[in-house]
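Sequence order for the protein chains is A and B. Numbering follows the numbering used here, in which position 93 of the first sequence is assigned residue number 93; successive positions increment by one, without gaps. Numbering follows the numbering used here, in which position 50 of the second sequence is assigned residue number 167; successive positions increment by one, without gaps.
Everything labelled a hint here was simulated from the structure, so no lab data went into it. Warning: the hint list may mix true and false statements.
[Unchecked claim] Dumping the calculated BS3-like pairs for lysine-lysine here, alpha-carbon to alpha-carbon at most 30 Å:
id, chain 1, residue 1, chain 2, residue 2
1, A, Lys38, B, Lys130
2, A, Lys116, A, Lys38
3, A, Lys3, B, Lys143
4, A, Lys70, A, Lys3
5, A, Lys16, A, Lys116
6, A, Lys38, A, Lys16
7, A, Lys38, B, Lys143
8, A, Lys70, A, Lys38
9, B, Lys143, B, Lys130
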Amino acid sequence: AQKVTQAQTEISVVEKEDVTLDCVYETRDTTYYLFWYKQPPSGELVFLIRRNSFDEQNEISGRYSWNFQKSTSSFNFTITASQVVDSAVYFCALRGGIYNQGGKLIFGQGTELSVKP
Amino acid sequence: DAGVTQSPTHLIKTRGQQVTLRCSPKSGHDTVSWYQQALGQGPQFIFQYYEEEERQRGNFPDRFSGHQFPNYSSELNVNALLLGDSALYLCASSFSGRGAYNEQFFGPGTRLTVL
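Chain A extracted, bound-state conformation (with noise of 0.2 Å):
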């Protein structure tokens, strides 16, 4: 089976903080792809980042920089120095490889994040 889990469920942090939203997976497919999408109040779902299993390099775009690791199936997320515009839904997904033909995402329950002036 495949599960994503986010366990914290809501964040609060003054605006600068440094703030990791965690991600842990689930799957059996030896090659997978992790997502992360970002969902405003407006509720469209604004993609961020894809890593596949392949590759765990880790990577940085700006305040945003993303730890991949297998070892322990995780794939967090990191925002530097968060600013009030940076609120909103954050969510993990995951995507089977070579037998998921369609591509289906499943996705985590999300993490909310407030950042507060």
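Could you slot chain B onto chain A? The hints should help.
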């Protein structure tokens, strides 16, 4: 370049009625997926359409059906509405071409309320 569009934005129906939601994919995309997102939950995969056929389906009853048109746009139909069908319905499009990573791009969603 227009992104994924969905209509209507909001919809209110009563139990037992039927509803049709519409989605136009991002330019260049040929695959459409539908997700249901209940309040406070992550999106749940309903089904995916490619080449006008249902290619993959999640754990949803037959009351949920869909269609894809030759221009790649898609409809989601829900019959015999239940209160539990109240949710945000998200459409996502992607390109199926070989070598593509098939990232799914989401529309703004249709908020369905069943009374």
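Task: Violations among the numbered hints - done: none
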